[in-house]
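As a plain string of letters, each chain reads:
Protein chains: 2
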Amino acid sequence: MLSDKLIKSIIEKKSPIVVGLDPRFESLPADIRTKHLENDGSTLKAVSNALIEFNRGIIDAIFDLVPAVKPQVAFYEQYGIEGMIAYKDACDYAKSKGLIVVADVKRGDIGSTSKAYSNAHLGKVEINGEMISAFEADFATINPYLGNDCMAEFMDDIKTYEKGMFVLVKTSNKTSGQLQDLKSGDETIYEKVADIVCQWNQEICGETGYSPIGAVVGATYPEELVALRKKMPKAIFLVPGYGAQGGGAQDVLGAFNEDGLGAIVNNSRGIIFAYQKSNLDYKSAAREAVIKMKNDINQALEQDQKKYW
Amino acid sequence: MLSDKLIKSIIEKKSPIVVGLDPRFESLPADIRTKHLENDGSTLKAVSNALIEFNRGIIDAIFDLVPAVKPQVAFYEQYGIEGMIAYKDACDYAKSKGLIVVADVKRGDIGSTSKAYSNAHLGKVEINGEMISAFEADFATINPYLGNDCMAEFMDDIKTYEKGMFVLVKTSNKTSGQLQDLKSGDETIYEKVADIVCQWNQEICGETGYSPIGAVVGATYPEELVALRKKMPKAIFLVPGYGAQGGGAQDVLGAFNEDGLGAIVNNSRGIIFAYQKSNLDYKSAAREAVIKMKNDINQALEQDQKKYW
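For the record, the sequence lines run as chains A and B.
Counted from 1, the first sequence has number 26 at position 26 by UniProt numbering; the numbering is strictly sequential.
Counted from 1, the second sequence has number 76 at position 76 by UniProt numbering; the numbering is strictly sequential.
Quick caveat, the hints were computed from the structure, so don't treat them as lab data.
Every value quoted in this text rests on a predicted model; they were computed, and no experiment measured them.
A few of these clues could be false.
Because identical chains cannot be distinguished in the list, a pair is counted as satisfied if it fits within a single copy or across any two copies.
Claimed, not checked - Okay, derived cross-link-like pairs now, BS3-like style, lysine-lysine, Cα gap no bigger than 30 Å in a straight line:
#: 1; residue 1: K283; residue 2: K13
#: 2; residue 1: K88; residue 2: K124
#: 3; residue 1: K124; residue 2: K174
#: 4; residue 1: K97; residue 2: K192
With the rest of the complex left out, here is chain A (with noise of 0.2 Å):
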């Protein structure tokens, strides 16, 4: 089971941590950007070559650190046809180094439609008799505002290919609690999402105790991340707001279980553009920022008694 995978990962790395793959061209080294404006002009396919050689750097330097990375399909996809090859390269050479990919997507809708999604990211669409791979994912990430049915869509993929979903529970950005902090009775929204991920955990679980429909909860919430972990015992944690959104490795304890694992916490521009507060190429500066991150939150984890290793 995809939980077991990435558990099991974590703890062969020590490294509880998923490198964010959010390339921004104008954010690129300075020789990659010239280099492929040169051989391909002002054009989608120059950006989408730049991004192709710096994210296998980034893969290459970190592979062998960390259990997953996390491409955001939207930093792509402003790139049209030609950025959706830059994300499927990115997907694809992070499985041949052995990484566990998490197609931040955060899709969802109506059933017909999810299936869709789900075939995209996570299975497979049938072409006369054959079953084809789209985007080939392991994880997806899924909005819950439609409710269950747009989760339930994405089940059959999860068991029959071995993959796994993150469910938006409470979100980073600062206004998440525009909805999901609305109380509702006792529970807030995000309560009640926690509550769905719950009951998917009880139907499917791996035998480390995690199941692959995890939920997504902030780093930039401290409190509701405890209270989160205590109310999802069995699901994985993807913690994104580490780094450039403020949190840091005190803001993410409270993700983890007694038992030290239970989340994966992301970091984005704080590694793939580590370069630019550093004297180090990209590929060195990330693979320092990776370290140095994997230090940080394994020593607040000891600190903590939370040692997994």
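Take the given structure of chain A and dock chain B to it, following the hints.
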């Protein structure tokens, strides 16, 4: 302003209808499937070429009858890069025929990521000083779960490029009530989202009295439709759920204001696959289905004294 353009086109064509371009390869006419499987084998490329041929046929058959089409991106995304080529073709070809394109993408994310989605579907990306479009639609559908900042990021492009968005308020699927119908204080969650839409409508509104910030409200919940219509007088309603999902002309009446305007009703399968229940070819069947739907809705509006033409 895009809302004015849409309202004027509805009046001109006497047709508050949007045709959903949600092609499934297995549902396409046999001759189209066979031709492209023979040309390209059982590949994503064969599917993409088949979707392109099919969509262009549908658009040719209905472009003079309706103001807008709504490609649902999930049905393209599931066919990977090749599928996205067909998606872009649907947008581009529809625009070349003067149609307004609603990108049914249901996107939404934290600030900077939402901006990337806005670039992808409504705006442009900057490459070395040049502004380039990725997937150029007119409206995009937006999921509100992350709160206002995920919507705010679309506003610049909406103002700069005369675009618009439809915010998911009350969706047409069976479990839409699971979160959307929860009461917080005196209001449901979907009413809270409606309040946000109203705020945007205060900020931007066209000369026809309608704003480019609209709302998705399902035809499958007619009572909610009536209440929401009163609550959001300036919002254009995008109404899914007509036809295959069970809604009829009487069910959508509540989506219209007293002026007979303010709504566009979507029908996907009931139009594009009308040929399956007809002796006509797929184009003629789609045209006939649009004409019938138009007559049914306009007749219901007339009986309800909401005639707008």
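These are the hints, each one checked on the structure:
no., hint, verdict
1, K283 <-> K13, "within (19 Å within a copy, 57 Å between copies)"
2, K88 <-> K124, "both (14 Å within a copy, 21 Å between copies)"
3, K124 <-> K174, "between (36 Å within a copy, 25 Å between copies)"
4, K97 <-> K192, "neither (37 Å within a copy, 45 Å between copies)"
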